[in-house]
Amino acid sequence: GNSVTQMEGPVTLSEEAFLTINCTYTATGYPSLFWYVQYPGEGLQLLLKATKADDKGSNKGFEATYRKETTSFHLEKGSVQVSDSAVYFCALMIYNQGGKLIFGQGTELSVKP
Amino acid sequence: DTAVSQTPKYLVTQMGNDKSIKCEQNLGHDTMYWYKQDSKKFLKIMFSYNNKELIINETVPNRFSPKSPDKAHLNLHINSLELGDSAVYFCASGLNTGELFFGEGSRLTVL
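So the protein sequences, as listed, match chains A and B. Here our numbering is used: position 34 in the first sequence is 1496, and no number is missing along the way. Here our numbering is used: position 12 in the second sequence is 18, and no number is missing along the way.
Be a bit skeptical, because a hint or two may be false.
[Unchecked claim] Derived contacts from chain B toward chain A, CB cut-off under 8 Å, selection only:
#1 49
#2 51
#3 90
#4 93
#5 96
#6 105
#7 108
#8 111
#9 115
Think of the hints as simulated: they come from the structure by calculation, not from any bench. We put the beta carbon where it would ideally sit given N, CA and C, even for glycine.
Please work from the sequences and hints to get the whole structure.
Here is the structure:
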């Protein structure tokens, strides 16, 4: 079946530290991959996406590269800020399944000043 | 203007009651979704509708009934509420590209 696995949280970092949140997937087809972010008390927002192997998605200093050989889509940021504190969700979608997004379990990030 | 709006934001009710959550989107998307987020933040799709037609119906108890009067609205009605229904319910809309726009969520607490 199709699934997404993320590293367990919470992840606690100091401001300006380097961030990596690991994400691996299992898919029967050719998925598109996404990172969504959920700030406290809000709904999810799309952070970045990649639709095919070797694509790199980037937004707001965050990056993730679609690695087909390792079935991974790790999220990275060079220097985190307190305002990046949120829950991050990795997700995949396979187009022949009615546009269903399958989410990982979420990784909570807390950035301290 | 709020793109995806859902009401109510908070709902506290007794076991056995029936309740509804409403959702409206003004983005012109054809597809709308309901997701359930449990206390550990895990998100699971419940339903999706494309232009008023049911597309996805995951293994959700039939106490949950979605209704889409038009492509801008997708409501969720829940009968005979149980303690395990306590969660945050998110409505979303999108274009079948995986880029979804989520509402702010409706926190349901069943006592």
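For each hint, the structure was consulted:
no.: 1; hint: 49; verdict: 4 Å, holds
no.: 2; hint: 51; verdict: 6 Å, holds
no.: 3; hint: 90; verdict: 19 Å, violated
no.: 4; hint: 93; verdict: 14 Å, violated
no.: 5; hint: 96; verdict: 6 Å, holds
no.: 6; hint: 105; verdict: 5 Å, holds
no.: 7; hint: 108; verdict: 3 Å, holds
no.: 8; hint: 111; verdict: 6 Å, holds
no.: 9; hint: 115; verdict: 15 Å, violated
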